[in-house]
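On the provided structure of chain A, position chains B, C and D as indicated by the hints.
Chains as they are written, first to last, in our numbering: chain A, 84 to 365; chain B, 84 to 365; chain C, 84 to 365; chain D, 84 to 365.
Think of the hints as simulated: they come from the structure by calculation, not from any bench. Source: prediction; values computed, not measured. Hints are not guaranteed to be accurate.
For chains that are exact copies, the list does not tell them apart, and a pair is met inside one copy or across any two.
The list that follows gives simulated cross-link-like pairs (lysine-lysine, DSSO-like), each with its CA atoms no further than 30 angstroms apart [what the hints assert, rightly or not]:
id	residue 1	residue 2
1	Lys234	Lys307
2	Lys307	Lys158
3	Lys206	Lys86
4	Lys206	Lys301
5	Lys301	Lys151
6	Lys301	Lys129
7	Lys158	Lys234
8	Lys234	Lys301
9	Lys178	Lys86
10	Lys234	Lys257
11	Lys178	Lys307
12	Lys108	Lys86
13	Lys206	Lys234
14	Lys234	Lys108
15	Lys129	Lys178
Number of protein chains: 4
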Amino acid sequence: MEKTSFETLLDRYNVFFLDSYGVIKNHGGLIEGMDRTIQRIIDLGKRYVVLTNDASRNQEQLAESYHKLGLYNVKPEDFVSSGMMAKNFLQAKIKQGIVTYLGTDNASLYISEAGREAVSISKLQPENYHEVSAMVFLDDEGFDWNIDINKTLNLLRFHNIPVIVANTDMIYPKSNREINMAAGSVSRLLENILGRSFIKFGKPDSQMFMYGFDIVNKYQITAKSDILMVGDTLHTDILGGNKFGLATALALTGNTSETEAAFLIRSSNIIPDYLCDSAGIG
Amino acid sequence: MEKTSFETLLDRYNVFFLDSYGVIKNHGGLIEGMDRTIQRIIDLGKRYVVLTNDASRNQEQLAESYHKLGLYNVKPEDFVSSGMMAKNFLQAKIKQGIVTYLGTDNASLYISEAGREAVSISKLQPENYHEVSAMVFLDDEGFDWNIDINKTLNLLRFHNIPVIVANTDMIYPKSNREINMAAGSVSRLLENILGRSFIKFGKPDSQMFMYGFDIVNKYQITAKSDILMVGDTLHTDILGGNKFGLATALALTGNTSETEAAFLIRSSNIIPDYLCDSAGIG
Amino acid sequence: MEKTSFETLLDRYNVFFLDSYGVIKNHGGLIEGMDRTIQRIIDLGKRYVVLTNDASRNQEQLAESYHKLGLYNVKPEDFVSSGMMAKNFLQAKIKQGIVTYLGTDNASLYISEAGREAVSISKLQPENYHEVSAMVFLDDEGFDWNIDINKTLNLLRFHNIPVIVANTDMIYPKSNREINMAAGSVSRLLENILGRSFIKFGKPDSQMFMYGFDIVNKYQITAKSDILMVGDTLHTDILGGNKFGLATALALTGNTSETEAAFLIRSSNIIPDYLCDSAGIG
Amino acid sequence: MEKTSFETLLDRYNVFFLDSYGVIKNHGGLIEGMDRTIQRIIDLGKRYVVLTNDASRNQEQLAESYHKLGLYNVKPEDFVSSGMMAKNFLQAKIKQGIVTYLGTDNASLYISEAGREAVSISKLQPENYHEVSAMVFLDDEGFDWNIDINKTLNLLRFHNIPVIVANTDMIYPKSNREINMAAGSVSRLLENILGRSFIKFGKPDSQMFMYGFDIVNKYQITAKSDILMVGDTLHTDILGGNKFGLATALALTGNTSETEAAFLIRSSNIIPDYLCDSAGIG
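So that you can see chain A by itself, here it is in the shape it has in the complex:
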């Protein structure tokens, strides 16, 4: 598959759905040239939305984290996160009781913003188990893996409540050389043991794409053919974008390395429309 320069794509499309980790930033900070890419989109009067499988921070916190990287133009409403999808679910379907979670205090904002009482699994007392109306996997930090995952297992065995996975990613790059298990690994472990399927939010599911699509259409009527989804992961960004009917570009700055790209595209059969060294421009 031939590579395309991202400058060409900036001309060809009017709206850019950008994955966050692996496209805009990574463990080392901002990805080279992404400040210029975002400025160019703004200068051209075009639009972008950040679509991220992240439930560890709300929109305000996400925007703040971008400001710290020097992307001062990025606003809270430019983000669509899988955590927001989970929050919408809780708002629509969970009308009472405690919502318990695995994750940090920051992440639990998605629950309290949905109007529900959030109690970490770590702090949940067995005598309150019967008050729990839902359980959410938010983040891989903020709890003791051995104690609290076993506690969750025992809670779910006998309490028939909705279980929500707010970030289905299995791993994330912790450094150049190391990866770390993400919330989706923990939820998969419990699905395996319990023999159940939890309710999952995040790419490749259509909801985040639909949400981003609604955002851009509020400003200006936009056809799907005007939108380019840019991601670093075939199974989430590219599969989800393709399925939603968007053009897709795989950027080689994150989960998919240049040496593996051709093989992974062939073996997964998930085919991006474009292959780019980076979404950052010179």
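Here is chains B, C and D on its own, set in the frame of chain A:
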């Protein structure tokens, strides 16, 4: 879980998303009282949309099949089928070449309506393999299972093309006592052998719900809290409806029998808001 | 991984467990040099056993098929087949009733030799369903895929009987360019739909290795460290041999091509002790 | 399914393969009457072997733990553990280097008895990664779940070494009301993330049955039809026993409760020959 009479729900909600097979009709024809339910919805000035995992007939053919059952008011635009989602995908993403398929001639309308040339796997010649730009699983009929599934396997091994599953249901009831494998079983078999994940359309994915939501909002602004999803299957209708943020009712007239309902709800952890003997009224 | 000449291995080990399809023969007949390899083993006073995931023919028929290839020295007792494991199971555990099967008449010998009445699914009448005491997947031929697999599905839904998979291979090479689904694909399809795990025989499970080990030990006390397992498939031959504690050699004359070998060893993490172009010698 | 008194079975069979946890003992200590059962077997001049999916203690430690429960007659050689199978594998196949593990110091005896240097993942230094020749999952204790499982993940990503699961059980009962994830859950998590299948030892695989069979045949020639496998778990004890050709009895004193037994037998299709309240006698 206590049962609710469907009459109560007809009062409580303004829009009804109805599954077709197992809710409105089954192998024996119209389900008792569903003609009265649909008439009542119309008389009350409310709306319904039929959400069906079906890729064997287009909207016109679906409406016709309902007319034959005596439901003369049902119009083509009242249907949202998984086949339509597949058609939208083909239209947006497949710009050239032959689209080959497993299914009947009727089903192939979804391909030709998307502006692509449809050629059944049965009739596809090896010398044309290189012209094939996509493959679609449409129906469990219209081909030789041994010869044509093996032919599909060999086509997909070496040709890196998008593969679309337009109906992910694994089985359907053929009679009171017998079930039959559906298109989703055939696609799952090939996913297993090839070690790939195909692109799947149909409930529980959000796209059909979003499509139905758009339809009703064209007529009148409708909140998700005004909509009830009615289905007979936990893993498609109820899971999908819950995830989209709708109230959900499980009707015991199809895949889920009264004796199994409590157990299946507990073991799957997919929890409908209501349990009804039937969506048909007296 | 460096390659080893098979001549070296003929010197180093005293007993050779040989896979059949892909090592000794393939769709084109005898693999070049395998007649000389077997003659050399005999001349050196060493031993071999053929370990094959095959339930389509009994030991006599297997030997005959080898005679036709010019391997006149091969005797029925030189074969250990997965069908024999299934036959042992039927003999030990199924004491009465009809045993029904998917496969050819030839394959059904494994059932009748176990002392049970064999009736093909194709010929089984619904009024006899209650007499069926077990079901066996034997071969991918000898039945109508659409009609008879659906018939099997309906039989198994309501009849709580042991289900045996006598060959778990998913595919086999039909020619240089084409593969075909094997009995293991059909059984996997039904396991998926029914949500059950059947009883499976064949490599990589230890039983066939144990059986082969007993055969050679009847003649002469042999340590595991004297035995080399030679196969063309990582997941069956090499995994099974490794797990049983044998040295293993991957021959590149069948399922694993030279170009893929390094990648497949790395991604599967199934590591043969030796890599050989072929087990055939000059 | 009708229940059988275990006294009847003590008369009918000559050799008893007994699962440990859930049949002989549980979290509360000795299961009522099991001291009398074992004494009766001895008094009748019959034999028993304990077949346990356990890699946390070697044979001597297992016998000691039984002595503490008052079963003074039980000897080290009466145990066949999945840890022993893993040890045999290491002995046969891993000729050099460090073997790293997840588990307690006790469990690591299986490695050092195989003649290999055992280093806990917790203590393994990255500069020694290249010296590691195999990795073993031994126990769910003895390490930090978050830190050390992530460390294992990163070790295995780039080092192509055999990975052994010495106990495939997913959970174990920690008390009357609580379960705990076992070593098999941790290994499954990493298999999922890495997309690999590890080498697994323990029931239902045939190796432990074969090993037990060899033990009893050293003393006295015994046919499989003389042996009864007694277990509390369908997927390990009963499936494995059935597959090996033994008669099987499900004891309702552990993982399978009386209320669930009929349902689980039907849904799993794993059918014991006998159902017993307990293997303990009055």
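Are any of the numbered hints broken by this structure? If so, which, sorted upward? 1, 3, 4, 7 and 8
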